[in-house]
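Q: Given the sequences, and given the hints that come with them, work out the whole structure.
Number of protein chains: 2
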Amino acid sequence: MERITATYFIETAFAPAKAAEVLAGEQSSGTFVAVPGETEELKQRFAARVESVEALETVDTPAIPGATSATGKYHRAIVKVSWSIENFGYNLPVLISTLQGNLYEIKQFTGLKLMEIDLPVSFGNHYSGPAFGIEGCRRLTNVNDRPLIGTIIKPSIGLSVEQTAGIVKTLAEAGIDFIKDDELLSSSANSNFNDRVDAVMKVINAHADATGKKVMYAFNLSGEVDEMLHRYDKIVQSGGTCAMVSINSVGLSAVKKIGDQKQLAIHGHRNGWGMLTRHPLLGIDFKAYQKLWRLAGVDQLHVNGIQNKFWESDDSVVRSIEACLAPMYHHNTVLPVVSSGQWGGQAFETYRRTKTVDLLYMAGGGIMAHPMGAAAGVTALQQAWKAAVDGLSLEAAAKQYPGFKKSVEKFGSK
Amino acid sequence: MERITATYFIETAFAPAKAAEVLAGEQSSGTFVAVPGETEELKQRFAARVESVEALETVDTPAIPGATSATGKYHRAIVKVSWSIENFGYNLPVLISTLQGNLYEIKQFTGLKLMEIDLPVSFGNHYSGPAFGIEGCRRLTNVNDRPLIGTIIKPSIGLSVEQTAGIVKTLAEAGIDFIKDDELLSSSANSNFNDRVDAVMKVINAHADATGKKVMYAFNLSGEVDEMLHRYDKIVQSGGTCAMVSINSVGLSAVKKIGDQKQLAIHGHRNGWGMLTRHPLLGIDFKAYQKLWRLAGVDQLHVNGIQNKFWESDDSVVRSIEACLAPMYHHNTVLPVVSSGQWGGQAFETYRRTKTVDLLYMAGGGIMAHPMGAAAGVTALQQAWKAAVDGLSLEAAAKQYPGFKKSVEKFGSK
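Sequence lines, in order, name chains Z and Y. Residues 963 to 1376 (our numbering) are what the first sequence spells out, left to right. Residues 963 to 1376 (our numbering) are what the second sequence spells out, left to right.
Everything labelled a hint here was simulated from the structure, so no lab data went into it. Relax, there's no trap hidden among the hints.
A pair counts as met if it fits within one copy or between any two copies, since identical chains are not told apart.
Heads up, simulated DSSO-like pairs for lysine-lysine below, C-alpha to C-alpha not over 27 Å straight-line:
# : residue 1 : residue 2
1 : 1131      : 1196
2 : 1005      : 1271
3 : 1317      : 1253
4 : 1069      : 1249
5 : 1372      : 1069
6 : 1253      : 1271
7 : 1176      : 1224
8 : 1317      : 1271
9 : 1348      : 1176
Being a predicted model, the structure only gives us computed values, none of them experimental.
A: This is how it looks when you write it as structure tokens:
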């Protein structure tokens, strides 16, 4: 019978092997006194199994404050635990309740992070994964051999529908590939969702008719289930190609429902993610997290960016990009969305470390605030990426490309 | 115009007032360079506003490891920030993306927890809240003037449908008010969801026909949206009165969809909650959290229990019970679900500190492993609560009630 294996980074005042057994017991057949019906046969079939325990360092201070150890020592370890697929079948919420669930409540742990999930072969057949993924998003935008260049409508909130459409026109004429709503905006007092779709798609469709290039716009349809489905239909009917969802806020079941529609590329915005991962010994690692959303059908997933304005290290961003680009079954591969303080200067380090152009590379002010205008901003980003792939340094690229040189002068010291 | 106010507990290497401005900017009209269209008028209408900053202690070590301060000092504070309802209208996922969202990513914070949300009057009219709540659950179970006594089918996973129905029969005859699936079980290889509903409801309906008492069974329907709706209908058609949802795993939008059906009481299981709250300076406090789920229509919500087997302090559990019992608009009030290692002995401290019997009091082994059998286990819990309300001590209650005395002898040292 197929099994699902979860890898955890734990910290415990107990012997790690003992703590791992508590974990396995709590998440399968555990209760605080033995009860009738808990036979050996049942345990064999449905009990979680500790597969390995790899001891790491011992520390004097618990990772999560408040917990105390009689010995004053806290042991860290990597533990692997497995469950039979018979426990839940193909049910992502119950999978999560089993692999995470009450584990964070267990006082034997002063730290616990879900690092990786190994899913069985049959998951690849049951779930169809991203309907578009990298190849589909390239096809929809007609962009090959370089990252898709994207931007976010700013200010995040407050622009009228007409102002938004005006910015979209500027950006489309500038040669942008992708534009998105901010996650703060879905339907505001002066930017009704349907009105925004009408106004924006009028611009995008006219531009496509004139040039053959259809800009992908990710409309933030996050909301209640029926509302999202109506908005989804509105985008489809208007000739749009993409819908954005704040995946953590909307939640796994409703995102899966949206992914199942398969007519639009799904832009998965991970806002709220810091809460789930920022502490090194609490929550879930991106490597495990991204698998769940790929199964739910997300086509594009945020990974932050090199030299970003947030807390995350470059190493962590690189690992996230690699996680997204790792194949998963025969499914389409999810497109990593690089964003946060990007202006093109980071293309060099991003390419050096990942050797990929399969990215949606997002720049905000880096485009709209370019000294020579938005078109020059988009071109500068394309130039930066061409230079990076050609093996040029940032300095050499600035010499070769005057437009990019202006970006370096304006944004290079940020 | 109505505003929504969020209260945060923050830690920052910067001046707290400065950090609060960063927070407000990031979650409304912030971008890293000024862009066209960002007018003063727009900012006035849509910008988040720092309402107050209350400085607390300064510490030498950041709450979240990895962050460093040039001064070596980290300042803690309570800050209140407000947004106009015009920014998002009535949209819980976008509310969450705004009040939490990327905030946890901001490097200016070495700790940030959302402590409270103050919602405007109109939310109370737009959302209808729990369809049943405390009064509805009392009506469905015909229990007045004492806590509903409940239990969880254990072992959590692995029992056949017939075994489960057999345990339900024993428990129904024992006088139980409420039974639930474990969060690890929705539909397993040997306990198909629909088959379990058939078998369990056959027992419950027969018992109701014979005695007039219908046991409330919370079937765990957690899964994909359509699957949950089908399961919901199955429960309704079979005469069931309650559906359980793992709220964090399923997510806000899909739980709202289930709550909107209004034919079954919704048992909101908060497994995964520890990840969101266990760190004192990361995530969200229960006081804010429970409001969201009440708006989504959850009728019963887990709060852990006094002297529980998990990490949570009694003080925290008491605060959670009080949060649930606080009125919210004209809505039905959500029923706090007390569980984890409960056997009746905690009734005294629970009542002393909360002065309420508006609880669903869950005991697992405390019922099934009672030395005189399940019926005596249920009776012992009722006795414990009667004694607690009557002002007896545990010791006095054990003298007065022989059944409860057996509980004390078996579970009292745990």
